[in-house]
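The listed protein sequences derive, respectively, from chains A and B. Position one of the first sequence corresponds to residue 164 (our numbering), numbered consecutively onward. Position one of the second sequence corresponds to residue 164 (our numbering), numbered consecutively onward.
These aren't lab readings, by the way, just hints derived from the structure by calculation. Check before you lean on any hint, since a few could be wrong.
[Stated by the list, open to error] Below, a list of computed lysine-lysine pairs in the DSSO-like style, where the Cα atoms sit at most 30 Å apart: (1) A:Lys284 <-> A:Lys581; (2) A:Lys740 <-> A:Lys709; (3) A:Lys281 <-> A:Lys558; (4) A:Lys586 <-> A:Lys558; (5) B:Lys740 <-> B:Lys709; (6) A:Lys586 <-> B:Lys581; (7) B:Lys586 <-> B:Lys450; (8) B:Lys586 <-> A:Lys581; (9) A:Lys581 <-> B:Lys581.
[As the list claims (entries may be wrong)] So the derived label-pair ranges between C-beta atoms look like this: (10) A:Pro332 <-> B:Thr336: 29 to 39 Å; (11) A:Asp333 <-> B:Glu687: 19 to 29 Å; (12) B:Ala715 <-> A:Arg243: 50 to 60 Å; (13) B:Asp333 <-> A:Ala736: 56 to 66 Å; (14) A:Leu267 <-> B:Thr204: 55 to 65 Å; (15) A:Asn645 <-> B:Ser172: 52 to 62 Å; (16) B:Glu737 <-> A:His183: 31 to 41 Å; (17) A:Gly174 <-> B:Ser385: 33 to 43 Å; (18) A:Leu267 <-> B:Phe327: 27 to 37 Å; (19) B:Thr204 <-> A:Lys230: 52 to 62 Å; (20) A:Arg274 <-> B:Phe327: 52 to 62 Å; (21) B:Thr204 <-> A:Pro272: 48 to 58 Å.
[Unchecked claim] Anything over 10 Å on all C-beta distances counts as not near chain A; from chain B, calculated: (22) Ser172; (23) Thr204; (24) Gly487; (25) Val489; (26) Gly666.
In this text, all values refer to a predicted model and were calculated from it rather than measured experimentally. Ideal Cβ positions, reconstructed from N, Cα and C, are used throughout, including at glycine.
There are 2 protein chains.
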Amino acid sequence: MNALTPAVSTGPLPASRKIHKAGAIHPQIRVPMREISVHPTAGEPPVTVYDPSGPYTDPTVETSIEKGLARLRHEWITARSDVEAYDGRHVRPEDNGFATGERLTPEFPIRNRPLRAKHGKAVTQLAYARAGIITPEMEFVAIRENLGREVLRGSKLERDGEAFGAAIPDFVTPEFVREEVARGRAIIPANINHPESEPMIIGRNFLVKINANIGNSAVTSSMAEEVEKMVWAIRWGADTVMDLSTGRNIHNIREWIVRNAPVPIGTVPLYQALEKVGGTAEDLTWKVYRDTLIEQAEQGVDYFTIHAGVRLHYIPLAVDRVTGIVSRGGSIMAKWCLHHHRESFLYEHFAEICDICRAYDVSFSLGDGLRPGSIADANDAAQFAELETLGELTKIAWAKDCQVMIEGPGHVPMHKIKQNMDKQLAVCGEAPFYTLGPLTTDIAPGYDHITSGIGAAMIGWFGTAMLCYVTPKEHLGLPDRNDVKTGVITYKIAAHAADLAKGHPAAKVRDDALSRARFEFRWEDQFNLSLDPETARSFHDQTLPKEAHKLAHFCSMCGPKFCSMRISHDIRAEAQKEGMAAMAAKYREGGDLYVPADETGAALTPLQAHERS
Amino acid sequence: MNALTPAVSTGPLPASRKIHKAGAIHPQIRVPMREISVHPTAGEPPVTVYDPSGPYTDPTVETSIEKGLARLRHEWITARSDVEAYDGRHVRPEDNGFATGERLTPEFPIRNRPLRAKHGKAVTQLAYARAGIITPEMEFVAIRENLGREVLRGSKLERDGEAFGAAIPDFVTPEFVREEVARGRAIIPANINHPESEPMIIGRNFLVKINANIGNSAVTSSMAEEVEKMVWAIRWGADTVMDLSTGRNIHNIREWIVRNAPVPIGTVPLYQALEKVGGTAEDLTWKVYRDTLIEQAEQGVDYFTIHAGVRLHYIPLAVDRVTGIVSRGGSIMAKWCLHHHRESFLYEHFAEICDICRAYDVSFSLGDGLRPGSIADANDAAQFAELETLGELTKIAWAKDCQVMIEGPGHVPMHKIKQNMDKQLAVCGEAPFYTLGPLTTDIAPGYDHITSGIGAAMIGWFGTAMLCYVTPKEHLGLPDRNDVKTGVITYKIAAHAADLAKGHPAAKVRDDALSRARFEFRWEDQFNLSLDPETARSFHDQTLPKEAHKLAHFCSMCGPKFCSMRISHDIRAEAQKEGMAAMAAKYREGGDLYVPADETGAALTPLQAHERS
């Protein structure tokens with residue numbers, strides 16, 4: 164692959180087409196969705212699903228990695244007349260780890276002058292929301308979130324779920340979005356310098372979102388691979404992508420990623436700051452860090468993980484842990500604090516950081532630098548002390564009109580998960596929670612997408628707004644393309660299971676459509692409606708490879724005689740003859756549902772000694 | 164592979180050796196465990212883990228599939244003087260689906276005369292328990308369950324968990340086992356004709372167990388494959404194995420499996436009965452079914468799934484479901500009932516079935532023939548009506564001294580899982596619950612080990628005693644060897660996560676040992692202590708293949724500069740110099756853990772406008 168013209172995965176998913184819905188308040192917005200068609204025999208409408216994959220899955224759009232995506236939000240942003248273009252910071256050798264010559268990933272071919280807020284202006288979605296303004300971004304996400312709900316409108320909407328205090332509306336209006344953003348309960352990560360992004364929302368009263376991490380390291384990886392990983396991750400459903408690169412070429416790789424990303428991009432600016440000072444934590448300075456924030460804000464990074472809650476006096480609490488400090492950012496800051504015997508510069512300069520974020524609308528993702536890295540360390544004093552500080556910082560950021568979410572653990576056994584959610588809600592004023600898993604046991608390296616998928620589904624149900632994926636490589640190595648896909652699909656499962664359990668009004672639409680397809684032996688529909696049609700199809704074909712078998716009225720596990728679904732159809736046919744529907748109705752209306760057997764009575768044959776030879 | 168001498172997977176897992184603990188009441192018993200050694204630098208004892216893999220992982224034992232395993236329980240059984248050997252039933256052509264010649268799997272080379280209870284005797288573990296007898300089987304499982312607890316004995320035992328009313332003791336005594344079996348709250352599936360089995364217990368107050376399904380079908384598979392799948396499944400941790408074969412050779416394949424199985428084997432006798440009548444549900448008779456029960460009881464099947472709760476008048480309740488009846492046994496019985504317009508023969512002859520089970524100590528696994536097959540059908544009237552009948556049948560079986568567990572769903576969204584457990588406990592008198600998953604969403608065929616692993620972990624936490632695995636092939640095809648392993652590991656994760664959350668006293672021992680290994684960069688120990696050392700190692704080696712890297716003091720994801728654990732060690736070293744432990748102690752004792760920042764005060768630098776160019 165030529166590093167200058169990386170190829171990425173494009174084309175629609177099976178039986179799918181990209182559709183767009185227009186706005187009412189802002190008619191220029193076109194909200195993308197994926198429509199999955201079903202076989203005509205189903206007699207059902209297509210199923211519309213949430214689609215973060217961007218133009219890459221739209222065959223009507225020609226994408227070119229060297230040109231980047233269309234700057235769809237540019238006019239929305241400039242129309243607000245509160246931003247100004249300026250020359251911006253120039254790329255410096257340290258931004259790319261002093262890589263040179265052949266070792267340097269080229270700069271992105273196009274450079275736009277960055278935008279920032281005019282003096283005194285706040286250009287955050289939170290500021291607009293508080294001012295009562297429904298931005299195009301807000302209407303965009305309102306339409307986007309309503310997926311499937313329109314089908315249900317007019318029908319009797321059965322809400323079924325336990326939302327633990329969340330307030331999920333039957334229908335999402337732009338005004339509801341504005342209110343949720345205004346009160347800090349949801350964020351729309353949307354840096355004004357990332358106009359290529361399609362707005363999305365993160366909050367407890369919206370669909371649960373997932374994040375995929377990518378990024379090169381000193382050990383491995385290149386720009387082309389990382390851009391493809393980003394495109395690949397969103398193809399399978401990642402709602403945001405974090406670029407956690409720590410190696411060389413960190414600036415240029417990020418530029419390629421952002422210019423081609425239709426989803427919000429998050430980073431941990433500390434990683435690049437550390438590269439700039441040669442990897443020595445003690446040498447970090449506020450000046451270098453601040454410079455990095457501006458560098459990345461100008462590039463268009465949508466949210467920053469900032470470990471400002473790792474305070475000097477919390478460090479002793481983590482010293483005796485089984486696994487110490489497992490957050491990279493947290494450990495770097497702890498080392499800095501300890502070496503200098505002083506409070507973290509992130510904490511001391513937090514208000515200034517807010518000013519930067521406010522000028523570009525970079526959202527905060529307040530990092531949990533003291534998250535537990537093992538079951539033994541879950542919910543300990545260090546973790547919860549930091550969480551309280553994150554709550555305090557949230558209020559400061561809000562006072563500055565900055566959007567905020569809070570990062571959460573980590574490794575937590577099931578019985579301690581809810582306490583995390585409850586405490587976060589209590590101390591962080593309902594700012595969205597964004598958790599890594601949590602992993603519910605430590606004993607399965609190689610399967611930590613699963614150990615954490617369990618915890619992620621549960622904490623998503625309890626109220627976490629976005630789930631950061633974990634791949635099978637966690638603790639062992641860097642994820643490759645397959646790992647990224649496995650991680651994303653696992654987390655789509657967790658997020659969707661959470662939406663179902665919370666009682667999201669339309670979540671069940673896809674489950675029901677797939678289950679009807681399954682029951683009616685519409686194999687192709689079953690594949691196409693699934694999260695991963697390719698895998699579903701290939702697994703089926705391993706047992707029954709012939710095309711004709713996809714029309715078979717029996718399932719590939721059981722063979723024809725033992726197919727319960729086939730027999731169920733026979734039963735249904737017989738039942739129709741027998742007027743069973745009426746019988747069922749009678750039972751459901753409180754008829755004699757349950758007639759106990761009499762151990763000695765007529766319903767059982769008399770007891771007999773078993774056969775003796 | 165020669166079908167007559169199938170090869171199976173043997174040899175110890177890495178760094179592991181088989182150890183045996185002797186009984187005190189019954190000194191002849193030798194309870195197997197797996198001891199995993201750690202690197203000498205750890206200064207820690209080896210970690211002992213539960214080991215259902217049998218002699219196959221013991222290099223000191225020579226196994227031969229044609230000879231079968233040693234009949235270790237034979238003397239325990241005959242010593243009770245309540246059984247008699249008899250000629251038993253002869254294999255009939257229909258037992259093997261009329262397979263002949265080359266298409267016939269050969270009979271197992273050795274035939275032992277079957278045992279049964281002497282007239283009037285009950286030979287079940289339940290009967291012994293009620294009589295106050297601690298059998299060798301009971302002491303065996305008591306020792307087996309105490310894994311790791313001995314290490315903790317004497318140390319201050321911190322119990323941490325939420326057990327939802329379970330009564331897990333600090334230490335399992337043989338008397339505790341007897342009590343739990345006597346009250347029906349646990350079962351020890353141990354057919355007197357399966358003396359090769361190493362006793363294990365299934366109950367809410369013991370470690371959560373997992374079952375793996377294997378079995379050929381009309382579509383695929385052979386004897387050699389199925390025996391290897393059984394050995395393979397227990398190698399990775401399956402506690403019981405169900406042989407769900409439905410094709411030809413069903414009798415002979417089962418014989419090979421049972422003779423070589425150190426774990427209890429379960430079946431669904433209805434499948435074979437249906438084969439005997441040519442696959443037509445309506446042609447089933449009590450006589451054929453009864454004959455099949457005796458056939459399988461004589462072979463040594465340890466538990467029977469019996470769908471006696473599918474009653475005629477419940478069928479209408481399932482007719483309008485999205486996915487009808489998805490249990491094979493349930494659908495077959497429903498069809499039979501409907502066709503004949505009469506009550507199920509399983510229900511009517513239930514007391515006779517009990518008499519058979521009582522004479523061989525076959526445990527009941529009362530089948531949930533009306534379990535939901537989709538999110539839409541979860542917790543519906545059909546499912547819960549059947550569950551009430553299963554509760555009623557439990558009491559009949561108990562009156563006959565038979566051991567009973569209850570099968571559960573299926574497809575259930577997270578918010579409806581606990582209701583299943585609570586209702587089962589209420590109506591089935593705390594008989595052990597044995598659930599399939601449940602799957603928490605329908606939309607991920609190809610990943611249903613994960614959709615169901617989430618539900619399995621949760622319901623295991625709530626009180627389910629055994630989790631029936633689901634493989635990635637669920638709904639799509641028959642599992643191969645890799646699928647079996649993936650399913651088993653996923654369910655070991657779910658079961659272990661449940662044990663941790665329930666507060667099982669020793670569950671955390673393995674997590675802590677692995678986490679310490681992780682923190683101390685003992686890579687080999689981290690692999691060896693994991694559920695799947697091979698996969699953990701190979702994932703690590705994909706990123707850092709060199710042997711020297713396994714001694715590296717940084718993790719393979721981050722590289723040396725960004726390794727949080729490495730930095731944590733630096734912090735710990737610095738902390739020791741600084742007397743941090745004393746500081747931490749002060750904080751933990753209620754010192755000023757949390758010092759809020761003052762937005763305008765000294766802790767933060769003055770707010771400044773961000774840089775303007």
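Review point. Would the least Cβ to Cβ distance between Gly666 of chain B and chain A come out above 10 Å?
Key: 7 Å, violated
Check your understanding: Is it true that the C-beta distance of Thr204 of chain B to Pro272 of chain A lies inside 48 to 58 Å, as the hint says?
Key -> 53 Å, holds
**Study point:** Cβ distance range 55 to 65 Å for Leu267 of chain A and Thr204 of chain B, holds or violated
**Key:** With a Cβ separation near 42 Å, Leu267 of chain A and Thr204 of chain B fall outside 55 to 65 Å, so the hint is violated.
Exercise for review: Starting from Lys586 of chain B, check that the Cα of Lys450 of chain B is at most 30 Å away, please.
Suggested key: Status violated; Cα separation ~34 Å.
**Study point:** Restraint status (C-alpha distance of Lys586 of chain A to Lys581 of chain B at most 30 Å)
**Key:** Since the Cα atoms of Lys586 of chain A and Lys581 of chain B sit roughly 23 Å apart, the hinted pair holds (cutoff 30 Å).
Review point. Is the hinted range of 52 to 62 Å satisfied by the C-beta distance from Thr204 of chain B to Lys230 of chain A?
Key: 55 Å, holds
Check your understanding: Does the Cβ distance between Glu737 of chain B and His183 of chain A fall inside 31 to 41 Å?
Key -> Between Glu737 of chain B and His183 of chain A, where Cβ atoms are some 57 Å apart, the hint is violated.
**Study point:** Range agreement (Cβ of Phe327 of chain B with Cβ of Arg274 of chain A, hint 52 to 62 Å)
**Key:** 60 Å, holds
**Study point:** Restraint check for Lys281 of chain A with Lys558 of chain A, where alpha carbons must lie at most 30 Å apart
**Key:** Since the Cα atoms of Lys281 of chain A and Lys558 of chain A sit roughly 24 Å apart, the hinted pair holds (cutoff 30 Å).
Practice item. Compare the distance between the alpha carbons of Lys586 of chain B and Lys581 of chain A with 30 Å, and conclude whether the hinted pair is satisfied. Key: 23 Å, holds
**Study point:** Agreement of Lys740 of chain B and Lys709 of chain B with the hint, judged by alpha carbon distance not exceeding 30 Å
**Key:** Violated. Lys740 of chain B to Lys709 of chain B sits at ~35 Å, over the 30 Å cutoff.
Check your understanding: Between Lys581 of chain A and Lys581 of chain B, does the CA-CA distance stay at or below 30 Å?
Key -> 15 Å, holds
Checked against the numbered hints given earlier, this structure breaks hints 1, 2, 5, 7, 10, 11, 14, 15, 16, 18, 24, 25 and 26; the rest are met.
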